[in-house]
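Visitor: These are the residues of each chain, in order.
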Amino acid sequence: MATSGNPLAVDVINALQEGRLLFNPADKKVYVRTAAGTINDAATGTPAADVKAGDLQTVRLNNRVRRGIDAAVGALTLLSPDAGKRMDAAKAVFKSREAGALKALDVAIAKETEPRVKRALVDARAAVILNTPTASKEENLEAISVIRERGDQEARSLLTNLSADSHDDIKRAAAAGVASIDASLQLWSAAQNMWYGLSLGSVLLLAAIGLAITFGVMGVINMAHGEMVMIGAYVTFAVQEVIRAYNPALFDISLVIAVPLAFLVTGCFGILIERTVIRFLYGRPLETLLATWGLSLIIQQAVRTAYGSSNKDVGSPSWMSGAFELGGLTITYNRLWIVCFTMFVFVALLGVLRLTRLGLEMRAVTQNRTMAASMGIATARIDALTFGLGSGVAGIAGVALSQIDNVSPNLGQSYIIDSFMVVVFGGVGNLWGTLVGAFTLGIANKFLEPYAGAVLGKIAILVLIILFIQKRPRGLFALKGRSVEA
Amino acid sequence: MADQKTTSAMLYINGVSVSFDGFRALNNLSFSVEPGEMRAIIGPNGAGKTTMMDGVTGKTRPDTGEVVFDGGVHDLTSLDETQIAELGIGRKFQKPTVFDMHTVDDNLRLALKADRRTRGTLFWKDSSEERDRLDIILKTIRLTPSRAAVAGSLSHGQKQWLEIGMLLAQEPKLMLIDEPVAGMTDAETKQTADLLREINRDRTIVVVEHDMTFVRDLGVRVICLHEGSVLAEGTIDQVSENERVVEVYLGR
Amino acid sequence: MPVYLVALWGKYVCYALLALSIDLIWGYCGILSLGHGAFFALGGYAMGMYLMRQIGSRGVYGNPILPDFMVFLNYKALPWYWYGFDHFWFAAIMILLAPGLLAFCFGWLAFRSRVTGVYLSIITQAMTYALLLAFFRNDFGFGGNNGLTDFKDILGFNVQAQGTRLVLFSVSCIALALGFFICRAVITSKFGKVLVAIRDAESRTRFLGYRVENYKLFVFVLSACMAGVAGALYVPQVGIINPGEFAPASSIEAVIWVAVGGRGTLTGAALGALVVNYGKTYFTSGFLAPYWLFLLGALFVAVTQLLPRGIVGTWRYYMSKRREQQAADDAEAAVPPAPPPSATSLLARPAE
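Protein chains in written order, with my numbering: chain Z, -8 to 477; chain H, 31 to 282; chain L, 1266 to 1617.
Isolated chain Z (complex conformation) (with noise of 0.2 Å):
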């Protein structure tokens, strides 16, 4: 049927791989179930008005045909004027490697004018040739190199699996071929590894910051940081909600709404909890981590109470959700906005601690305290002013984190831990030494994950840090000087 040529032969086989081909067996005639559910008659393609659906049986594929029309498929639409549906085409052929396609694809490369269309056809005729037995050895070698020039797993499959009783100039090509490709594909795995750590790091750097700042002025361990993240991911989920209901065109823009709102929400509720808590505890920082803890187990609560302790489902505007590949990088769009959003923010607190008054007083207090309040510095107003823009921050990682991980009352528990780690490895006072600590974290997650898997990858990492105080018992970039206890 395939060499047929018919136009109607396409729609036929597309229907025979969907399961829409019937079979009449009463009159022993095919059938094709269109989209729209009507019945025509396979061979002219006319609306069949006189058969029911009852009476047909649907026409059963096995391995061997499903094969042999994929590759039917393929050399029909090799030639379709649809640049894309040429290109999915050779992909088909590429992997059936029918033999029978080979005509089809010497016409489709004579002819083809796009260069990434050209290049996966050529592929496919490497490939055809390769499952061909009776295609020559320089074709065999020819072939080979094509192949190992494209450099995937499927590349690797295909020459690992030569047949055993090719000649052995072939199977050396392809040995030479299996390990450049694995050479390349461990570069691919290493870089692929390194962007997942950095988005893993970029993800901790934006959770860890707001609490690297509140330690580095404060010296005050926030305990419910972590909840500050969560209430962030929930006023993301309660601005879709209103979006949704008031104004379902404004859904792509929902997360530039939630960022202000989330920094806002957040930063408020920080400084009441400064105002009203913490305020009472300074010189006790373990009592603070006390006090803290309780308001973290309140603030879960209350959320609990309010929303229910399921899984809230808050959704991604249209330019964050896909992937596009890169090399042989998949990179979603969702972690390379986050990992560009981190950046932003970073850039936009170093910006407050450099250039604003704010930013000054603050520097200010974390070197000393008592010199600062005695040149006049308001040091409870910064305190209260620098818990707010910690937990705001705090807040804005939540919006964030709603992107790529559940919306639950438990959200910022899974992360504190993590945070903890990245401030005790940075160090405080320096907000460098948190993103240092952020990305090396992130990436020796990503890289321990393949060799010890991601639990005994996790407390690898919390050993390593326990031995790496050690050596810096007060971080990466700790103050030094004499107003530092010892």
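If you're looking for bench data, these hints aren't it; they were derived computationally from the structure. Mixed in with the good hints, there may be bad ones.
As the list claims (entries may be wrong) - Only pairs whose alpha carbons sit at most 25 Å apart, straight line, appear in this in silico PhoX-like list of lysine-lysine:
id : chain 1 : residue 1 : chain 2 : residue 2
1  : H       : K143      : L       : K1455
2  : H       : K169      : L       : K1455
3  : L       : K1455     : H       : K155
4  : H       : K89       : Z       : K462
5  : Z       : K109      : Z       : K82
6  : H       : K155      : H       : K169
To be verified - FRET-style restraints, in silico, Cβ to Cβ:
id : chain 1 : residue 1 : chain 2 : residue 2 : range
7  : H       : F50       : Z       : M334      : 29 to 37 Å
8  : L       : Y1583     : Z       : R295      : 37 to 45 Å
9  : L       : N1423     : Z       : R295      : 34 to 42 Å
10 : L       : P1329     : Z       : S300      : 55 to 63 Å
11 : Z       : R463      : L       : A1357     : 33 to 41 Å
12 : H       : R54       : Z       : R463      : 16 to 24 Å
13 : Z       : R463      : H       : R149      : 47 to 55 Å
14 : Z       : N152      : L       : H1352     : 51 to 59 Å
15 : H       : F50       : Z       : V233      : 46 to 54 Å
Here a beta-carbon is modelled for each residue, glycine too, at the ideal position from N, C-alpha and C.
Put chains H and L on the given structure of chain Z with help from the hints.
Guide: Relative to the frame of chain Z, chains H and L by itself:
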């Protein structure tokens, strides 16, 4: 100053530099203190007086230079605070640091020269000699009436004296005393000077102080530090007439 | 006393011993461990392993050597670290050794490099978190998610029997009393005074010539062993040990017992554990259950804000203030108003 090195010095500091994040707190500082001597150190804020003490007692490790104790026997730069204290260097802090929750008695008892190991203290029993020593020290520092009070309830001046008492109890060879008369009345200051002179009969003392009357009362050799190194050295009169000292510290 | 009450109070008594061990290091040495549940759980697992081996062939799968979960997970042989746990004496040693050794290694690393304050608290939390992750794994050989359960006998007696429960309860009480006396002996010795000195002014203590890290290490290991014993007694009474005991949240909850009762007072720590846990049982079994976490959270905030000395600490403070007042009044009544002897001393100025 390297040629001044003698094996007899109790404390020998040579070419010591310490810097914090680019700021040089000590800059090639060199001086030495002979056994049995009392030495006063003066200088403006940030001259490096406290950092010098930190360097000697092991709190801060010098970047370069040597700190040698007890006639060249011990190199202090490679030891930590505990080891240095065990060698016989006692220190009183600028801000009086006593154990607020312990009684005056217990503060002194902890300081008494004795077995410092965990096993030793777990099964510790006061001996009668130790009780006698405690009584003597309490009398010296005039805190016998408040011996059962917790140290946190003492006045600022009393805490200063208690800390000096703790130093005495340690029986160190060298005492480093940082601003002993800060916050004391004139009469108390005079008393403290008398006390230090009395202690100086058996022990070497380095005292850092801002109060010039007090330093004059002590009547000992003076070093003026400035920007981490020695600006002038000599008797109080010599030092206070030095042009540079007047300029940077005493004022015209 | 009904059976369920015996088991319940037996549990509380074990918690009280855990609270005592936390108070020893936090109240007297200033080390806030947010991972003491790890030592408690290790002791518990050591006991649980003994109890598992006592099941013998009475398990669901009837394997005389392998516990049920191992048969289920296709273990071929007993892992080496389970050897010896069929003997009670071995388990008893491990109950002390496992937490003690972990505390020693961890403390040796942490105290030597002078990790203090919140840093130490955070890494103790990381420690218990790492153990939590590890014990959740099936291939770790400790029953994974489900932990160890379905115990039958302890030293030949049925763990469910009322008599056994009473004995276990009594043993827990004895252990609590013993722990109390050990702590008391430690803190009233000169060693204890050094601990308090470290708590209040660590670097001053160093300058006095005390090797602070050794003191901390000793008391940390002692405390970990006490927590291990508490965990070991806890397991046969509640009938299960699972990785949940390693959760950072349960360790922090134990700290609040101490804070409620009064840190730095031994009776307070034990009392706090009893009061808070009694409250927890009371609340979580009634219609108020959804509000328990609010209450617990509020307890954390309220105790740190309003009652920093805890119940017993506040009581003692109040009593000592009253005694002082009484003494001052008596002195005034007895002696004609004259300057006390020290008033002539130049040092006796009013406190600033």
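Visitor: Work down the list of hints and note, for each, if the structure agrees.
Guide: Now for the hints, and whether the structure bears them out:
no. : hint                           : result
1   : K143(H) / K1455(L)             : holds (13 Å)
2   : K169(H) / K1455(L)             : holds (23 Å)
3   : K1455(L) / K155(H)             : holds (8 Å)
4   : K89(H) / K462(Z)               : holds (17 Å)
5   : K109(Z) / K82(Z)               : holds (11 Å)
6   : K155(H) / K169(H)              : holds (22 Å)
7   : F50(H) / M334(Z): 29 to 37 Å   : holds (31 Å)
8   : Y1583(L) / R295(Z): 37 to 45 Å : holds (39 Å)
9   : N1423(L) / R295(Z): 34 to 42 Å : holds (40 Å)
10  : P1329(L) / S300(Z): 55 to 63 Å : violated (43 Å)
11  : R463(Z) / A1357(L): 33 to 41 Å : holds (40 Å)
12  : R54(H) / R463(Z): 16 to 24 Å   : holds (23 Å)
13  : R463(Z) / R149(H): 47 to 55 Å  : violated (32 Å)
14  : N152(Z) / H1352(L): 51 to 59 Å : holds (57 Å)
15  : F50(H) / V233(Z): 46 to 54 Å   : holds (53 Å)
The structure fails to meet hints 10, 13 from the earlier list, while all remaining hints are met.
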